[in-house]
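Using the hints, position chain B against chain A.
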Amino acid sequence: MPTKRTPRPQGKLPAAAASRALVDHGFVPVRAKLIEVAAFLDRVERHGAADDFRCVALRTAAQVLLDGKPERARRILERLSDPTTKPDAVSTGKAALGAWQKPSSPKRAK
Amino acid sequence: MRYIEPHGHMVSRTTDDYQAMVTAGCVAVCEPAFWAGFDRSSADGFRDYFRQITEYEPARAAKFLLPHFAWLCINPKEAEDLALAADVLAMIPEFLTKPNVLGIGEIGLNRNTRNELKVFEQHVDLAVKYNQLILVHTPHLEDKLKGTRLIVDLLRSHPGVKPERVIIDHVEEHTVNLVLDRGFWAGITLYPDSKSSPPRAVDMLETSGHDRIWLNSACDWGVSDPLAVPKAAFEMRRRGHTAAYVDHVLYQNPVRFLSQCPKFRLGA
Numbered sequence: 066m067p068t069k070r071t072p073r074p075q076g077k078l079p080a081a082a083a084s085r086a087l088v089d090h091g092f093v094p095v096r097a098k099l100i101e102v103a104a105f106l107d108r109v110e111r112h113g114a115a116d117d118f119r120c121v122a123l124r125t126a127a128q129v130l131l132d133g134k135p136e137r138a139r140r141i142l143e144r145l146s147d148p149t150t151k152p153d154a155v156s157t158g159k160a161a162l163g164a165w166q167k168p169s170s171p172k173r174a175k
Numbered sequence: 536m537r538y539i540e541p542h543g544h545m546v547s548r549t550t551d552d553y554q555a556m557v558t559a560g561c562v563a564v565c566e567p568a569f570w571a572g573f574d575r576s577s578a579d580g581f582r583d584y585f586r587q588i589t590e591y592e593p594a595r596a597a598k599f600l601l602p603h604f605a606w607l608c609i610n611p612k613e614a615e616d617l618a619l620a621a622d623v624l625a626m627i628p629e630f631l632t633k634p635n636v637l638g639i640g641e642i643g644l645n646r647n648t649r650n651e652l653k654v655f656e657q658h659v660d661l662a663v664k665y666n667q668l669i670l671v672h673t674p675h676l677e678d679k680l681k682g683t684r685l686i687v688d689l690l691r692s693h694p695g696v697k698p699e700r701v702i703i704d705h706v707e708e709h710t711v712n713l714v715l716d717r718g719f720w721a722g723i724t725l726y727p728d729s730k731s732s733p734p735r736a737v738d739m740l741e742t743s744g745h746d747r748i749w750l751n752s753a754c755d756w757g758v759s760d761p762l763a764v765p766k767a768a769f770e771m772r773r774r775g776h777t778a779a780y781v782d783h784v785l786y787q788n789p790v791r792f793l794s795q796c797p798k799f800r801l802g803a
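So the protein lines, in turn, are chains A and B.
Sequential numbering from 66 applies to the first sequence in the working numbering.
Sequential numbering from 536 applies to the second sequence in the working numbering.
Same shape as in the complex, but just chain B:
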């Protein structure tokens, strides 16, 4: 089995995780910029972080023969500080030419505030200006439905956004059709305690279709499982889905979306 981990915060993981993922069939990993678990005190903290995910982490992954790609942004959890966000947004273009950078993400909303929405829109403007793919984070728990609606409304009203170049991540049963019906790609995140479990993810594939959806572990420093995607493959096979079906969802779908960025290339 081959699969792509399209959303993993590998700076938070050990090399043992890289080894386990490759052993399970992972052929590429993509790392969106996210919150470090604490607020950075200045834009310089982001500069170091961007260097880490565009220079150091690809080299670490390469030791396990794993292509590593990255997305850049200031995460919505730090978007309440508009001055900091402006400084980081101004810095992002100098990193967009790095060979492993696929686009802008994971941007979006956390607590659905006006400031978060403002910074989200600035990121979308930046992505459109530089013709970048967009990876969107949707809020957690009780904030997800409202946040997803706000995100979809903003994206749909932005004249430069092409829905087929946007993936809206962390969908659940109450948001998946809201995203797909408006032409966006949807990401299902597999978490032990929140978001979706592998059985629920396969339920969504069976009821909402499987053509514009990818599955990811979003493994980070919190409760998460870097092998959640291959475990979802096992759930699919146990229900009687074919190997071709599994390959379509876990490999071909992410390749189809990510290949819209010419820098996304996999080795032979």
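Just chain A, same shape as in the assembly:
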């Protein structure tokens, strides 16, 4: 891959960054999503589906939330991504599943 990079201006925060307002508006919706994650993990465990590769991937990715490092969204997306680099020989179906499964076992449930 060519390594030439095109310079781009850095993004910037608004002059009057409303940091308190960010929490005021964002906390309750995000709190709800975090509880949904917890309830989902409880649910799949209760119903014997916790070993599904997608549930395993979710638990692994969630560890990023607590490692104290930045760019958590990017790193979680990368953890859920196919790390291979070559095009696949054949399609395994039209729909992606949300987490990558090693091809040693059936690549994707269908």
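Just to be clear, a hint being listed does not mean it is correct.
[Said to hold, decoys possible] Here are the in silico distance ranges between beta carbons for each label pair: (1) Val121(A) / Lys697(B): 41 to 49 angstroms; (2) Asp660(B) / Asp117(A): 38 to 46 angstroms; (3) Gly158(A) / Pro634(B): 32 to 40 angstroms; (4) Arg800(B) / Lys151(A): 37 to 45 angstroms; (5) Trp756(B) / Thr150(A): 31 to 39 angstroms; (6) Lys167(A) / Ser577(B): 34 to 42 angstroms; (7) Phe118(A) / Thr550(B): 38 to 46 angstroms; (8) Gln128(A) / Glu629(B): 48 to 56 angstroms; (9) Gln128(A) / Pro634(B): 50 to 58 angstroms.
[Unchecked claim] Residues on chain B that point at chain A, a partial pick, calculated with CB under 8 angstroms: (10) Thr550; (11) Arg684; (12) Leu685; (13) Arg774.
Hint data in this document are derived by calculation from the structure and do not stem from the laboratory.
Using N, Cα and C, we set each Cβ at its ideal position, and we do this for glycine too.
Using the frame of chain A, we list chain B on its own:
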């Protein structure tokens, strides 16, 4: 507020959506060719679809005073069938002269297969041959990172491609800089359950810059929101970004990219 919806599959939407979008400040809508939710059985199905987005849909949008533009291709979800793809690719040039056609799109990859990559390259060849803008679809979920890398590599190695005339859509936090750093435009798609939410989109604008990015709803027949773009404007304003900043991202950026096609004109 004024904004452009640069990626909406309006054939799947009701006239109520047109009315709501115009009421929210939409001044133009662009419709890339995409998958109908089922595989067409022949190239004739595409001929009818191309007629729909170049003749019928602009007339429907005009009833709501909304300029309608289109992009043409065979979507990557149907690109596994190389014979069908060849038939559709051969048909596309006769539609490129339609007054609302802006370029080739949304081409790209779905499951990152060899056949998809082959058909993607054929579309790029066609776009270069006819000096068309290019709109690229990147794969979903776990396939996006790999697919975006394959797409960027192919585009960068193609001697006829000018990165400033290519927009690579559906970027997320793990692909946005991969696209921007190599000179392409990036599109952020706002979906309720996948791709990006309005808050995450504004995060990307704040951390990766906002000069070569547009936002779109990619509203279609699935879970999607035709008013996602104005909702992102609200998120920007709530964080303290100025009205000029919102206008830059939601109106001026798409105008700047799309105006590279002389057929993109907005009324007074």
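Cross-check of the supplied hints:
At about 43 angstroms, the CB distance of Val121(A) to Lys697(B) agrees with the hint of 41 to 49 angstroms. Taken as a hint, the range 38 to 46 angstroms holds for the pair Asp660(B) and Asp117(A), whose Cβ atoms sit roughly 42 angstroms apart. For the hinted restraint 32 to 40 angstroms between Gly158(A) and Pro634(B), the CB-CB distance of approximately 38 angstroms keeps it satisfied. Separated by about 43 angstroms at the C-beta atoms, Arg800(B) and Lys151(A) satisfy the suggested range of 37 to 45 angstroms.
Roughly 33 angstroms separates the CB atoms of Trp756(B) and Thr150(A), a value that falls within the hinted 31 to 39 angstroms. Distance hint for Lys167(A) and Ser577(B): a CB-CB separation of about 38 angstroms, consistent with the stated range 34 to 42 angstroms. Distance hint check: the CB atoms of Phe118(A) and Thr550(B) are about 43 angstroms apart, consistent with the given range 38 to 46 angstroms. Evaluation of the 48 to 56 angstroms hint for Gln128(A) and Glu629(B) yields a pass: the beta carbon distance comes to about 54 angstroms.
One distance hint, 50 to 58 angstroms for the beta-carbon pair Gln128(A) and Pro634(B), holds here, with the actual separation near 54 angstroms. This hint is violated: Thr550(B) has a C-beta 29 angstroms from the nearest C-beta of chain A, more than the 8 angstroms allowed. The beta carbon of Arg684(B) is positioned within 8 angstroms of a beta carbon in chain A (closest approach about 7 angstroms), and the interface hint is therefore held. Checking Leu685(B) against chain A: minimum C-beta separation of about 6 angstroms stays under 8 angstroms; hint holds.
A distance limit of 8 angstroms between C-beta atoms decides the matter here; for Arg774(B) the minimum to chain A is near 6 angstroms, and the interface restraint holds.
The structure shown violates just one earlier hint, number 10.
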